[in-house]
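Trainee: So you can see what is in the structure, the chains are spelled out below.
Number of protein chains: 4
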Amino acid sequence: MITSTNKTHNKIGFIGLGNMGVPMAKNLISAGYRLQVYNRTISKAGELDAASRTVCQTPAAAANGVDIIITMLSEDEILKEAVLGEEGILKTFAKNGVHISMSTISPDTAQLLSKAHVTAGSRYLAAPVFGRPDAAAAKKLWICTSGDEQSKEIAKPILESLGQGIFDFGEDAGGANVVKVAGNFMILASMEMMAEAYTLAEKNGLDRTKVAEFFGSTLFNAPIFQNYGKLIAGKQYQPVGFKSKLGYKDARIAFKLSQQAESPMPIVSIVHNRLLSAVAKGWGDTDWVEGVSRGVSEDAGV
Amino acid sequence: MITSTNKTHNKIGFIGLGNMGVPMAKNLISAGYRLQVYNRTISKAGELDAASRTVCQTPAAAANGVDIIITMLSEDEILKEAVLGEEGILKTFAKNGVHISMSTISPDTAQLLSKAHVTAGSRYLAAPVFGRPDAAAAKKLWICTSGDEQSKEIAKPILESLGQGIFDFGEDAGGANVVKVAGNFMILASMEMMAEAYTLAEKNGLDRTKVAEFFGSTLFNAPIFQNYGKLIAGKQYQPVGFKSKLGYKDARIAFKLSQQAESPMPIVSIVHNRLLSAVAKGWGDTDWVEGVSRGVSEDAGV
Amino acid sequence: MITSTNKTHNKIGFIGLGNMGVPMAKNLISAGYRLQVYNRTISKAGELDAASRTVCQTPAAAANGVDIIITMLSEDEILKEAVLGEEGILKTFAKNGVHISMSTISPDTAQLLSKAHVTAGSRYLAAPVFGRPDAAAAKKLWICTSGDEQSKEIAKPILESLGQGIFDFGEDAGGANVVKVAGNFMILASMEMMAEAYTLAEKNGLDRTKVAEFFGSTLFNAPIFQNYGKLIAGKQYQPVGFKSKLGYKDARIAFKLSQQAESPMPIVSIVHNRLLSAVAKGWGDTDWVEGVSRGVSEDAGV
Amino acid sequence: MITSTNKTHNKIGFIGLGNMGVPMAKNLISAGYRLQVYNRTISKAGELDAASRTVCQTPAAAANGVDIIITMLSEDEILKEAVLGEEGILKTFAKNGVHISMSTISPDTAQLLSKAHVTAGSRYLAAPVFGRPDAAAAKKLWICTSGDEQSKEIAKPILESLGQGIFDFGEDAGGANVVKVAGNFMILASMEMMAEAYTLAEKNGLDRTKVAEFFGSTLFNAPIFQNYGKLIAGKQYQPVGFKSKLGYKDARIAFKLSQQAESPMPIVSIVHNRLLSAVAKGWGDTDWVEGVSRGVSEDAGV
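Protein chains in written order, with my numbering: chain L, 1 to 302; chain C, 1 to 302; chain X, 1 to 302; chain U, 1 to 302.
Think of the hints as simulated: they come from the structure by calculation, not from any bench. As the structure is a prediction and not an experimental result, all values here were calculated from the model. Please note that the accuracy of each hint is not assured.
Stated by the list, open to error - In the DMTMM-like style, the derived pairs of lysine to aspartate or glutamate whose C-alpha atoms are separated by at most 25 Å in a straight line are: (1) L/K203 to C/D172; (2) X/K203 to U/D148; (3) L/K203 to C/E213; (4) L/K256 to C/E298; (5) L/K256 to U/D207; (6) L/K139 to C/E213; (7) X/K115 to X/D49; (8) C/K230 to L/E262; (9) U/K235 to X/D168; (10) L/K256 to L/E213; (11) U/K95 to U/E81; (12) X/K156 to U/D148; (13) C/K256 to X/E262.
Said to hold, decoys possible - With the Cβ distance kept under 10 Å, some of the chain U side facing chain L (calculated, not the full set): (14) T92; (15) S258; (16) M265; (17) A280.
We put the CB at the ideal spot given by N, CA and C, even for glycine.
Construct the complete structure from the given sequences, taking the supplied hints into account.
Mentor: Right under this line is the structure:
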């Protein structure tokens with residue numbers, strides 16, 4: 001019963017108050033949950049309603065006494081430490097508790113952490129998301145899950161308060177993260193593809209913006225092509241949303257997964273080298289739209 | 001005035017009754033136009049309402065006595081012959097008549113034909129389309145135009161009876177064809193991208209179809225990713241719609257335009273070599289979805 | 001008998017007094033031949049010993065009254081004109097005369113010209129060369145031949161006075177040109193390969209020059225790696241020997257042959273796009289070493 | 001003084017009796033050295049002259065009481081264990097002793113081990129080699145060194161008894177390994193380049209072998225092009241010398257170094273994906289000539 005489920009889990013642990021974590025935590029509070037929060041930079045907790053959150057000094061403290069712990073961290077190693085470390089989640093987490101792991105991490109790490117939870121008597125649900133901070137704030141995230149069925153049942157009402165759709169990818173803990181890696185690759189590939197096409201149009205004397213508007217409202221009328229299409233066509237590189245060096249990290253992860261899966265991906269090589277070059281040229285802190293689009297323009301002498 | 005315009009142009013020449021041309025001609029007849037049709041294989045004219053069409057023996061005959069001639073042919077050379085040949089359009093076409101050229105041709109050819117028309121005292125409007133035969137039948141084509149403004153005004157009601165949207169790309173006759181080439185490239189790149197991503201998912205133990213459904217209903221909810229995504233994910237290669245060897249031709253045209261425009265396009269190289277390999281392997285007559293997707297699968301040993 | 005052969009052919013037609021043609025013509029004169037020369041810029045004939053050459057006003061005149069005509073021109077179209085044009089070789093050339101065609105042209109053109117000669121009752125021998133002007137002057141060219149056996153016999157003593165080795169590639173007129181295209185590709189690929197490797201070394205803190213010296217004196221102790229290796233390692237881009245835009249033309253020819261032969265060549269795509277980018281950046285008139293090496297350096301931010 | 005140096009180091013530790021290690025150890029014995037050998041599979045020591053070697057049970061034992069220890073192992077991790085492990089070299093090695101590390105390892109590992117030696121009061125000299133087992137047996141290895149100058153002086157007579165040339169790449173311990181990685185990349189790139197060129201020739205009706213002979217005796221008259229060229233041209237894939245999966249490992253290492261150095265290398269991507277595909281197709285245990293060449297052939301449908 002969802003009512004009782006909500007009651008049981010009324011208090012949730014939440015670790016990671018970054019650009020994504022803060023709006024997600026706010027949405028959980030709006031949905032009626034109280035949070036035990038932990039963040040390396042404690043002051044970030046100040047952005048949350050004081051009556052609805054308890055600030056903890058360690059991941060272990062955030063996981064203590066709750067049945068659900070959510071993590072939204074930036075890197076595999078930080079998440080591993082938060083779970084397995086001296087002051088990690090597993091030190092205190094309840095038997096049968098569910099760790100909803102929403103960070104973008106590699107499938108490897110997901111599998112490793114899933115095993116550690118099982119050994120400890122608790123559960124791990126992979127639940128990475130697609131969407132930027134504004135989508136997180138608007139409860140418009142797309143959430144991919146993988147793990148055991150019971151964890152999915154338990155997590156469902158919580159995830160519904162964070163996103164606009166939940167898609168399941170089976171029982172293997174790494175599955176949802178594979179989809180996340182594949183999606184990040186497809187976004188990068190779309191950016192490169194548009195930059196190539198719009199530069200071709202530009203060099204033929206056409207207005208890049210009109211070309212992007214055409215595709216974004218017809219064959220390619222999807223958010224990726226509309227939003228990034230506008231930025232790429234207009235060479236609009238400010239403000240910096242997602243940095244080129246993080247886009248490069250995504251490309252590296254996709255490349256590594258292609259190695260592990262023994263699945264050659266020539267377009268991954270293209271976008272990997274595009275962003276590696278951006279970093280090498282000192283553009284690591286530019287928006288990834290600039291990292292891709294400016295690289296294509298420079299190669300074409302414009 | 002559209003009424004008078006329609007009256008003036010009530011009879012139209014129409015050349016090219018292939019898979020695209022027939023449904024387009026039918027829509028023109030439904031819209032009240034009478035057609036002077038020419039096709040290499042004359043019998044194709046039998047698919048059109050007999051009362052609404054006159055069958056001609058040459059392009060020159062089809063262009064005789066009308067102010068508008070539409071062409072929908074499969075190759076640059078065939079179109080050149082139909083315009084410039086011994087029995088070509090220019091032999092009979094009216095002063096100030098408008099040739100609406102809807103075939104997929106290179107920008108070069110468009111510019112050459114435009115000049116020939118101007119020299120002859122008539123006009124050329126590039127109007128290539130995006131859409132397969134079923135879209136043509138449903139008046140759902142996307143039409144790109146380029147050429148002089150007066151031709152666009154004259155062509156407008158006619159094009160509106162053929163498609164769901166008209167997008168203009170300026171006065172250079174080749175402009176609309178550049179957009180057509182860029183769009184074909186983006187479709188091919190999307191196919192390769194999906195084949196790589198879904199094969200990665202497959203080799204990680206995921207269900208390709210579920211992954212395609214997820215992307216097609218979220219970040220990539222555009223027709224290209226939904227329709228081709230389903231075929232690629234399901235390795236559904238029958239029936240043959242558009243052949244691999246024609247997809248290869250599109251890739252060659254994109255590559256050539258990248259050379260002419262001095263605009264390097266690394267993803268064009270990838271899809272070009274993918275389809276060149278398909279042709280080399282003897283898959284030229286398979287559907288281009290097979291040409292791309294099976295190639296990616298074989299490289300990954302699945 | 002070579003002596004009689006030499007006597008018979010003591011007078012030779014020679015068309016094309018460019019950077020390669022002049023030293024080759026001088027070597028023929030040194031070997032005892034008298035030349036009927038034609039060059040678009042007639043003044044170039046002044047570099048040859050006056051007693052040993054007759055200056056002609058047309059290709060037809062140069063081919064008149066001799067059994068052997070040699071061509072060394074820069075482009076397919078120019079050679080076609082020199083053979084097939086109004087004042088071309090075929091207008092005057094002797095029955096059974098042998099046209100030794102030493103220009104770098106496409107296999108297509110070679111086959112077309114071979115047929116034209118056969119139709120006219122004369123013969124065509126493809127004999128493209130590897131080597132720069134200094135190698136031509138030193139009689140150090142490598143010569144590849146293809147065509148009928150009798151032509152090869154007749155041409156042998158003449159070719160021996162121009163190069164250090166003759167290698168035969170069969171009867172198809174295009175064969176030797178395929179080898180020439182393949183060799184140009186391998187040179188370009190070697191240049192890109194070295195630029196990548198030496199930039200990797202540089203970014204690891206090593207001395208590029210020492211690395212190039214090592215490879216050039218051990219595993220890769222061949223002229224290509226020694227000569228170009230030194231220039232690439234030292235980023236020595238002056239003086240301009242062979243221009244980037246001509247290197248780009250070589251890459252285009254290799255790419256086109258890969259299309260015609262249905263033989264995918266991914267490294268051709270890499271070097272093609274490298275030089276296309278060089279041309280797009282305005283480096284078309286730089287040495288091709290700069291076109292390749294500077295492109296690799298810029299991509300690496302150095 | 002070299003004489004006294006030889007005397008001092010008359011007894012040397014030697015770890016790693018694989019395909020390369022055995023012939024190298026034999027050459028050291030021939031040069032008058034006595035060896036303390038360690039190998040995981042002890043029986044391999046039986047191939048060495050019994051009077052000249054002492055068999056040890058651990059790396060620590062092999063390093064005990066000598067001033068020089070040589071390692072020739074197959075992987076970074078195995079070497080790290082042999083140096084840093086419970087029974088590793090550092091447990092017993094002499095102050096100021098020189099570890100001559102001849103394995104193919106990453107620059108990272110070299111730097112890490114160098115630091116560990118310095119901390120322990122001993123020295124580390126990187127000395128990776130180019131050459132296959134037959135070259136090792138014939139003392140024809142090419143040896144690259146990097147490290148401190150004194151170590152190089154001490155190692156010189158020993159290395160001279162193993163190879164035909166020593167090339168120095170500075171003081172940074174990782175330098176020589178960067179050159180080794182770069183060289184392995186250049187070999188792989190040369191193989192791919194030849195496979196592409198010879199397949200192009202084949203599809204144009206030429207004899208691959210003749211084409212390879214031409215290049216191997218003219219512009220590309222270096223061992224790499226002669227030896228591999230013959231195998232590639234003849235599609236001679238037996239016996240298996242160096243496995244495709246090891247070639248793939250080399251490509252991965254080159255790719256990783258390109259990432260670490262922020263130096264984009266498009267041809268690395270090509271050869272990486274070529275061998276990744278070979279492994280994915282189940283060809284991991286074939287000779288790497290087959291891994292590369294058969295892949296190119298299949299893509300071309302031959």
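Trainee: Hint by hint, which ones does this structure get wrong, listed from lowest number up?
Mentor: Violated hints (numbers, rising): 3, 5, 7, 10, 12 and 14; every other hint is consistent with the structure.
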